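> Listed here are the chains, written in short residue letters.
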Amino acid sequence: MAAMKSRSSSFSRNVATVPTPQIPGLKCGPNGTMFVSSGIPDLDKILGGGFPLGSLVMVMEDPEAPHHMLLLRNFMSQGLVHNQPLLYASPSKEPRAFLGTLPSPILSKEDKHRDNDIEQEKGLRIAWQYKKYFGEQQQNFGVHMDGKLDYSNDFDLRKPLDRHFLGNQHIDCISLQGSPDLSTFCDRCSTFLAQLARHDDSITCAGRIAIQSFYSPQCEYSNMEWEMLSCIRSLKSMLGSSNAVAVITFPPSLILPSFSKRWQHLADILLSIKAIPDEDKDLSNLLTGYQDMFGLLNVHKVARFNTQVPFILDATTFSMKLKKRKSLILECLNQAPVDGSSGSSYGTSGSCSGSSKAGKLDF
Amino acid sequence: MDRSSNLLDEALGLDYGQTDLSSTCSGRVVVVEDCVETSGAFVLHHLVKRSLSPLTSGIVIFVALAHPFAHYDRILRKMGCNLLVQKDHKKFLFLDMLMLKCPDGDVKGGLVELYGNIQKAVAASALPSSRSITIMVDDLSLMEVAANGSSNHVLDFLHYCHTLTTEFGCSLIILSHEDIYSTTDRSTLIVQVEYLAEIIIKVEPLATGLATDVHGQLTVINQGDCGGQQSLQNKKCNFHFRVRENTVECFYPGSQT
Chain A
1 MAAMKSRSSS FSRNVATVPT PQIPGLKCGP NGTMFVSSGI PDLDKILGGG
51 FPLGSLVMVM EDPEAPHHML LLRNFMSQGL VHNQPLLYAS PSKEPRAFLG
101 TLPSPILSKE DKHRDNDIEQ EKGLRIAWQY KKYFGEQQQN FGVHMDGKLD
151 YSNDFDLRKP LDRHFLGNQH IDCISLQGSP DLSTFCDRCS TFLAQLARHD
201 DSITCAGRIA IQSFYSPQCE YSNMEWEMLS CIRSLKSMLG SSNAVAVITF
251 PPSLILPSFS KRWQHLADIL LSIKAIPDED KDLSNLLTGY QDMFGLLNVH
301 KVARFNTQVP FILDATTFSM KLKKRKSLIL ECLNQAPVDG SSGSSYGTSG
351 SCSGSSKAGK LDF
Chain B
1 MDRSSNLLDE ALGLDYGQTD LSSTCSGRVV VVEDCVETSG AFVLHHLVKR
51 SLSPLTSGIV IFVALAHPFA HYDRILRKMG CNLLVQKDHK KFLFLDMLML
101 KCPDGDVKGG LVELYGNIQK AVAASALPSS RSITIMVDDL SLMEVAANGS
151 SNHVLDFLHY CHTLTTEFGC SLIILSHEDI YSTTDRSTLI VQVEYLAEII
201 IKVEPLATGL ATDVHGQLTV INQGDCGGQQ SLQNKKCNFH FRVRENTVEC
251 FYPGSQT
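In order, the protein sequence lines correspond to chains A and B.
Quick note on the numbering used here: the first sequence kicks off at 1 and runs consecutively.
Quick note on the numbering used here: the second sequence kicks off at 1 and runs consecutively.
Incorrect hints may appear among the rest.
Okay, derived cross-link-like pairs now, SDA-like style, lysine to any residue, Cα gap no bigger than 25 Å in a straight line [unchecked claim]: (1) A/K326 / A/D150; (2) B/K101 / B/H162; (3) A/K301 / B/T183; (4) B/K101 / A/P257; (5) B/K101 / A/Q169; (6) B/K101 / A/A194.
Chain A is faced by these chain B residues, among others (derived, beta-carbon under 10 Å) [what the hints assert, rightly or not]: (7) V36; (8) T38; (9) F42; (10) H71; (11) M99; (12) D106; (13) G110; (14) V112; (15) Q217; (16) T219; (17) Q223.
No lab work stands behind these hints, which were simulated from the structure alone.
On a predicted model such as this, the values are computed, not experimentally measured, just so you know.
Cβ atoms here follow ideal geometry from the backbone N, Cα and C, with glycine treated the same way.
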């Protein structure tokens, strides 16, 4: 951007050389960064806006539970809803099959009202629940009536994504199994990112890379630690000069500790997921709403592009719950009322980002 | 200027606003060690700013393996130092090694070439005047990755750079990640590098956890033999820090209001 022009003084005018983008799915952030949504509105709020373009997000899996898949699914769905190119890699032999499990966005009530108004204006009377059978037509409708798609959506995990989103030819799937080394995979990533290379003027579109379980014992390259590191490092370098975000999940317990640390250092955003056992008396005494939680999300690192000031969060551990059994929400951990307190007790609510429930009143 | 970062400068043996690392004695090797929880990159930025300050007329050769030029440019600009101008005036040489990958059969070759570039730059800058030259590496663990894990070659590279400190009196500042090596057998790269170093700066999180006002603690260990600075010999300083956009505030624990 402006940084490329040489200047004679160290003062620089704070002129926005790039106008606020009208591209759906992108948001301006501090220090000249652009955000894309993670697909989980609570996580966007926690991270200060979303995933910055050019960042490498690493999610440390808990090998006992597949909750990292929720993050991946929401991330991928959000990208498809915004018509962003997607590259998906996984150790399974048929990665395309995973696309069938992606969740569908939940339209807010206001959108439905708007739908009805505009439909009536257009003289067409299509009941809203039949819109899904109108494929292409509906897509045009979507752009026309919304004008601007939401930056981030809630996703209904029980409902699969509409077929027409998957018909998008910008989806590429790679199986990590079967190839002796990572060179083909690295090449595919570099071709994908080459299309999204960052230029000074404007962003045409942003892309997403989702890599599931990058370290997986069934893959032949899994004992080639330095090659894996090298692949991630080159991916990170390429990401830095392109308009894309990559999310990689890996199980740190299966990797040598020193290599796990190296991977963690490479990440711009580092998250970890831990499963909560179904019946844990200590935890249930300690936390409110324990029964609804199925996992814990920990934020270890937040991306710092173009700045040296660290991003200190009010809380780093959040509980993962399902709202109305369909969409993923993250909440601060609330300490349960301590036994023996006099009168009605209020759960201490964390004063931080993430949806805060009203304190539980215990009469 | 900023008096608050004086604690760090004092610990490094830099008199306020006058000298820099290379002038106090014939070039020093400084290792900055950080971890995932607390990044030590701000120390590098601070030292770049000091080395390029107009009072010292120093030169910085920056070997970047972690971030592109734009990242450092924006950060240093907020600190009051324009890297583009310094680059034009040949005072800041940025070696972009983000895509450095030593070919499998010839790991040594890649690093030899890098050393050659550095040596040429140092030799060219040293002649006109006795300007202080600082070589910075960000960061060492990525150099290991680029060398496909052969830490011996990386160590050789460092030893060669060390010869430059004695021959031309330049300083060598290396950023490394301490937690990568803490889990393995200690006879590795980091021990060798610590042995080479005259000053070790450890950047760690607070023992008590996260805080918005205090971002971590710095421990500066002076183990070199520095002629003029008798007071600093074998001294260990520990203080807290807070990183801001334009500076680093260092203060003794508990003294921040």
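> Can you name, in rising order, the numbers of the hints this structure does not satisfy?
5, 12, 13, 14, 15, 16 and 17
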